[in-house]
Amino acid sequence: MEPSPIIEVRDLWFSYNRNPVLKGVNLAINQGDFLAVIGPNGGGKTTLLKLMVGLLEPDRGAVSIFGEPPRNVVHRIGYVPQETAPDKRFPITVLDVVLTGRLQGGGGWRRFSEADRMLAREALERVEMWAFRNRRIGALSGGQRQRVFVARALVAEPEILFLDEAMAGVDQKGQTDFYAFLKELNQTVTIVLVSHDPFVVSTYIKSVACVSREVFFHEAPEITKDMLEMAYHCPVEMIAHGLPHRVLPKHSGDNND
Amino acid sequence: MIEALQLEFMRNALLAGFLVSIMCGVIGTFVVVNRIVFISGGIAHAAYGGVGLAFFLGISPMLGIVGFSLLVSMVMAAVSWKARHRADTIIGVLWALGMALGVILIDLTPGYNVDLMSYLFGSILTVPASDLWLMVGINGLVLITVGYFYHDFVALSYDEAFARVRGIPVKKLYFLLMALIALTVVMIIQIVGLILVIALLTIPPYIAEKFSGSLLRMMFFSILLNLFFASIGLWLSYSFNLTSGASIILVGGVCFFISYLFGHRRFEDRIPSANISGRD
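Chains as they are written, first to last, in the working numbering: chain A, 52 to 308; chain B, 2 to 281.
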């Protein structure tokens, strides 16, 4: 049985200050997929993700999630933003950060129920950060903080999880553990992961989208020669050198400059 | 101090100081964590345009200053929302323009003889009972609004992008926060004057931030610090015949530097040692 796509991107155009970043992107993501969005810096990976979660509005075209605009389905998606410059002094505890993932907008006197607190506890236990619940978020290491942000996204019980460069600044061991965790999570949750590093993710993912203004979509966990050439503008052989063979099954050995 | 409290104006001054301390601690906390100190300063100074307008039109100065500050805060909210990092030039211009407008309008008002200095440096010792009631009202309004939207404001302040994806109406909340800042600034002007608003709004939260685990605690400690600054400042002002607003700020400034030099960061020191290999 062919599953129907839950995320559809149709002829999507986006530009920053008239510089086109994404040109005519089409993409369909099925339920249960684990998609890696890779590409060069400035190629539009993060922009594509922001368009998918509704943080940006496209110039042309549309994104639909579960057949609706992203804004209408906020309660069904989870988002782990790129950690750019976190305010390390911000006075907020780990538990309170995760609880913001349960917020429904619009004010109120009693915002968090016992059920919300139980879900926050479950989410923190799942990422093995419950013991840190009363710590200030700024006192954690980069990898620990990233796990808390994943818990904050998971606490809303999302059906799709969007992660943006979630592993920036995390050591190799931490990354491996984290991807293993995502793979397990993928049994119930569709995952869209932006990464600057295509090779680390290749053993965990199910499909790849390569973004460099346009999108090459591959419904298999492999990165083709075309993708790399298009995405990284450098000889494939250079990048392919350290690759496990399954990533480039049709890798030809004729490397003449 | 005890005999001073038998004077009605001293009782009113202390009461006004306490009322402003509360809203100042609450709103100052948001100002500090959102890094909108400059915008708050801009609103405070541009508020002088409201004073000028009120005298020119012959309406109540309080009405003029509240209305004008709210208007300016909405303009600044719109400007800073569009381009968070490039807004400071426009805010600086509005800052100066508001003040210039106030001065010109007062020039144009015949028979002007109101004490300008009371707006620049505050007039806590001449706060009339009617203003106290207005302060009670605005205090209540600010506290109820912040109480109702507390968690939304926390989410907006900590991670705006995430809050937006959660469906929290961040833009409306940002404009609401600006309006609350404008109301608070107008009240603080009564106490320390528009030139010193920034100090009272930022010193207590800055000190409190170091030993607070949440914004709520930060607000609470800021209020306590504000109460302390206001009472000691007023006592100094009464005992040594000094300008009251400046005395309050001086106490705050001294505490600020003491905390800056000796305050250690309790929470940031508690990184679990097991995860640190070696020392750094």
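In short, the hints are calculated from the structure, not lab data. Cβ coordinates follow ideal geometry from the N, Cα and C atoms, glycine included. Take these hints with a grain of salt, some might be off.
Stated by the list, open to error - With a straight-line cut-off of 25 Å between C-alpha atoms, the simulated DMTMM-like cross-links for lysine to aspartate or glutamate are:
1) K173/B to E108/A
2) K83/B to D248/A
3) K83/B to E108/A
4) K172/B to D248/A
5) K83/B to E134/A
6) K211/B to E161/B
7) K74/A to D138/A
8) K74/A to E59/A
9) K173/B to D89/B
10) K224/A to D248/A
Stated by the list, open to error - Listed next, the stretches of chain A that the computed footprint assigns to chain B, with coverage defined by at least 3 CB atoms under 8 Å from CB atoms of chain B:
11) 60–67
12) 104–111
13) 141–155
14) 158–165
As the list claims (entries may be wrong) - Chain B side only, calculated, beta carbon under 7 Å to chain A, not exhaustive:
15) V34
16) N35
17) W82
18) A97
19) S119
20) F122
21) I139
22) G141
23) E161
24) V166
25) R167
26) G168
27) S213
28) G214
29) F221
30) F222
message: For a C-alpha distance cap of 25 Å, please report whether K172/B and D248/A respect it.
response: Distance of about 34 Å is beyond 25 Å: violated.
task: With a cut-off of 25 Å on the C-alpha distance, tell me whether K74/A and E59/A pass.
output: Within the cut-off at roughly 16 Å; holds.
message: Would the hint on S119/B be counted as holding, given a Cβ-Cβ threshold of 7 Å to chain A?
response: Since the shortest Cβ distance to chain A is 36 Å, the answer is violated.
- prompt: Does the structure keep K74/A and D138/A at a Cα separation of 25 Å or less?
  reply: Violated, because 34 Å separates the two Cα atoms, which is more than 25 Å.
task: Tell me if G168/B is really an interface residue toward chain A, meaning its C-beta lies closer than 7 Å to one of theirs.
output: holds, 4 Å
query: Close enough to count: is the Cβ of G214/B nearer than 7 Å to one in chain A?
result: Since the shortest Cβ distance to chain A is 5 Å, the answer is holds.
field: Restraint status (C-alpha distance of K83/B to D248/A at most 25 Å)
entry: violated, 32 Å
message: Can you tell me if the stretch 158–165 of chain A counts as covered by chain B, using C-beta to C-beta distances under 8 Å and a minimum of three residues?
response: holds (count 5)
message: Min Cβ distance, V166/B to chain A: is it shorter than 7 Å?
response: holds, 4 Å
message: Min Cβ distance, F221/B to chain A: is it shorter than 7 Å?
response: violated, 11 Å
message: Please verify whether K173/B and D89/B have alpha carbons no more than 25 Å apart.
response: This hinted pair holds, its Cα atoms lying about 21 Å apart.
query: Would the pair K211/B and E161/B pass a check requiring their Cα atoms to be no farther apart than 25 Å?
result: holds, 22 Å
When each numbered hint is compared with the structure, violations occur for hints 2, 4, 7, 11, 16, 17, 18, 19, 20, 21, 22, 23, 29, 30.
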